[in-house]
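Undergrad: Input sequences plus hints: build the corresponding full structure.
Listed below are the residues making up each chain.
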Amino acid sequence: MTNLSILQNLRELSAGDRMLLKALVSCALATLALGVIFGVSTALIRTGYAGAESQTGYRMMTGHGVAVFFYWLYFAQMALLMALSTTQSHGKVRIALAPVAWGGLLLMVLGFAASQTGTWTGTPLLYDGSPDLVGENKWQAGVFYAGYVLLACGLFLLAVSAIGTALAAKVRSDQRVWSTTGFAVVAWAGLLMVSSLATLNTFLPAAAWAFGWGEVPANHSTGWHLLFHNLHYLPLMGTVIIWYALVENMTGVGSIFGQRFSKGIFTLYLVFVPPTSLYHMFLEPDLSPVLRGLGSLLSLFISVPTIAVFLVIVSSLEANARARGARGLFGWLRLLPWQEPAMAAIAMAVANLALGGIFAFVLIQERLAPLLSDTFFVPAYFHFLTIGTVTLTLLAAFAWSMPALFNWPLWAPRLLKILPYTLTAGLVLFGVAGMAAGLNGMPRRVLDVSYDGTAPQLWTAMSPVIGLGAVVMALSLLLYVALLVGTAFGAGRRQAIVQPPLFILAATEGAAIRQKAWTAPLCVLVLVIGMYAATILTFALLRALPLASAAGGSH
Amino acid sequence: MTEDSVFIGLVSLIWIALAALYAFVPMFAMPGSAVVWGSGAAVFLVLAVIIAITERRMPQTLNRA
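These protein sequence lines map, in sequence, to chains A and B.
Quick note: the first sequence uses my numbering, first residue 84, plus one each step.
Quick note: the second sequence uses my numbering, first residue 1370, plus one each step.
These are computed hints drawn from the structure, not numbers from a lab.
Keep in mind that the hints are not guaranteed to be accurate.
Here are the computed lysine to any residue pairs in the SDA-like style, where the Cα-Cα straight-line distance is at most 25 Å [unchecked claim]: (1) Lys105/A with Trp185/A; (2) Lys599/A with Glu1424/B; (3) Lys175/A with Gly1401/B; (4) Lys175/A with Gln258/A; (5) Lys105/A with Met1427/B; (6) Lys221/A with Arg1426/B; (7) Lys500/A with Pro1428/B; (8) Lys500/A with Ala430/A; (9) Lys500/A with Ala113/A; (10) Lys105/A with Arg497/A; (11) Lys500/A with Trp421/A; (12) Lys175/A with Lys221/A; (13) Lys175/A with Glu1424/B; (14) Lys599/A with Leu189/A; (15) Lys500/A with Ala409/A; (16) Lys175/A with Val1394/B; (17) Lys500/A with Val1394/B; (18) Lys105/A with Leu189/A; (19) Lys105/A with Val183/A; (20) Lys105/A with Ile1419/B; (21) Lys105/A with Asn220/A; (22) Lys221/A with Ile1419/B.
TA: Structure representation (structure tokens):
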């Protein structure tokens, strides 16, 4: 298979299959734009730069979480899952079980409509939809829960179609095993199916109760934690699969460790999902000390697969670049295809993953989780992952594939190359100020944090920075979406379609394998040092706070 | 069987073991855990079986490839 297989396969898809992918991409961009508008509105209301009724503000907050975390991320993942599932085809390219996939898309669209209807007509339940908040607005809550149920069913059907596509390609092709990307796509689709079942496990009882068909769900919180654990892993797994596929397509460089080893690394994702879920239970007051210790130990493994994929990709790129003559510790970076907007987005996604990863490890520690879980530290750090890492990667994949899918050149590719940097700048402002405020106790999920002028001075000082960061981040995202929408409508037609260069980096396998590639291990060392430093700093800051704990056996 | 079905089959075995742990060891008991991880184990088991059957039905010339 050549390094242009994704783009070639997209061009060779039938009109109907292309329409399916275009519809998924369109839904993804629409939900991202809407979610970002809700998000920046929430940030401006929180920081006092915009006014809104309390109910409206919380509806914005709920709409933001639901639209971005559930619908944007999953419409986009489904578009790319389906696109990558076709890459195993040799000869005639088509999506298997296309009516099933269309059914899945329809259910997701209906789910989005239901989630937003429930949010804007009933009590804003935030994205975890706790039944405790429903009050009198039960049918509206039922509509909100039904949205998640429809989403789960839609995801399941699309995953079935993606697996069917990869299986059909295996039968038709002359290769007995899938490529690494093909195998990873099937593993990703499998985890999607499990996550769909976890969504049903959480929200089906809640929907039944809200519509008057069942009892109050007794274990909604635990079900949410299980689902949420999957939702931590799933987009990250998709992200590293997209990195692997895009890098291979842009540079021609595959894993120097071999196909079987790389498949084993992607399998690790699935191996580590269930046992690492224990740390979500750290806030349970009656969790046994043994389980707390075990949960802490297992939580250390959560980033192992992601770091392993990072090592495989970066070491393979460096070894091939050195085989082609790159010199100096970082000289090989100059040989990467920086002319591609997707490359800039992936580079910033990696940097943001390092930042988000460092602070994630601060949060999931048994001693710190109870102190930080309800503070603004949480949204401040996880935007590095959801927006800075996953969203940037998904947008990078769109920027790479949309010219082939829509048959128009990219619109304003130079601007697309700059936007990942401006987005990251906004994210750093938002994240650093938010984490500083969170470490000083600023609560999350609260619209008015002024407390009639009695709030700590640091909260007041950090709020404008948080607001400014949110605005920069939102404008960068909205502009990125606008340029991609323009691309879909042919706004870039005056520019000639630039054919991606062939095999920029790929050297002969023997030459690459003999090279020394230390950058990736050094990055991991810096990451570990960063985790220790952030943990020490956090403990020092929290010990310095004038707090007196009066907590008993509950939280 | 190829590495594709073996890796997915391995995942299903690990998930079965963990689902059993969540279901039968009181210390690990969390409502819904066994159901979610157990259904996940079933998904990966079915997937591994389908992949293996697909590989077995491929032409013998390809099986020797």
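Undergrad: Now look at each hint and say whether the structure bears it out.
TA: Right, here's what the structure says about each hint:
Our distance criterion of 25 Å between C-alpha atoms is met by Lys105/A and Trp185/A, whose separation comes to about 12 Å. A C-alpha spacing of about 38 Å is found between Lys599/A and Glu1424/B, which places the hinted pair above 25 Å, so the restraint is violated. Proposed proximity of Lys175/A and Gly1401/B is contradicted: the alpha carbons are some 43 Å apart, above 25 Å. The straight-line distance between the Cα atoms of Lys175/A and Gln258/A is roughly 15 Å, inside the 25 Å bound, and the hint therefore holds.
About 33 Å separates the Cα atoms of Lys105/A and Met1427/B, which puts this hinted pair outside 25 Å; it is violated. At most 25 Å may separate the alpha-carbon atoms for a hinted pair to count; Lys221/A and Arg1426/B exceed this at roughly 52 Å. Distance hint between Lys500/A and Pro1428/B is unfulfilled; the C-alpha atoms sit about 47 Å from each other, more than 25 Å. Between Lys500/A and Ala430/A the alpha-carbon distance is near 11 Å, which keeps this suggested pair within the 25 Å criterion.
Between Lys500/A and Ala113/A the alpha-carbon distance is near 21 Å, which keeps this suggested pair within the 25 Å criterion. For a cut-off of 25 Å, the pair hint linking Lys105/A to Arg497/A stands: about 24 Å separates their Cα positions. Taking the CA atoms of Lys500/A and Trp421/A, the gap is about 9 Å. The hint holds against a cut of 25 Å. Our distance criterion of 25 Å between C-alpha atoms is broken by Lys175/A and Lys221/A, whose separation comes to about 50 Å.
Pair hint Lys175/A plus Glu1424/B holds up; C-alpha atoms about 20 Å apart against a cutoff of 25 Å. This hinted pair does not check out: Lys599/A and Leu189/A have alpha carbons roughly 50 Å apart, beyond 25 Å. A C-alpha spacing of about 24 Å is found between Lys500/A and Ala409/A, which places the hinted pair at or below 25 Å, so the restraint holds. Among the hinted pairs, Lys175/A with Val1394/B is inconsistent with the structure: their alpha-carbon atoms are about 51 Å apart, more than 25 Å.
Simply put, Lys500/A and Val1394/B have alpha-carbon atoms about 53 Å apart, too far for the 25 Å limit, and the pair is violated. As the CA atoms of Lys105/A and Leu189/A are separated by approximately 14 Å, the hinted pair is consistent with the 25 Å bound. This hinted pair checks out: Lys105/A and Val183/A have alpha carbons roughly 16 Å apart, not beyond 25 Å. Annotation: proposed proximity of Lys105/A to Ile1419/B is violated, straight-line Cα distance about 30 Å (limit 25 Å).
Proposed proximity of Lys105/A and Asn220/A is contradicted: the alpha carbons are some 37 Å apart, above 25 Å. Pair hint Lys221/A plus Ile1419/B does not hold up; C-alpha atoms about 42 Å apart against a cutoff of 25 Å.
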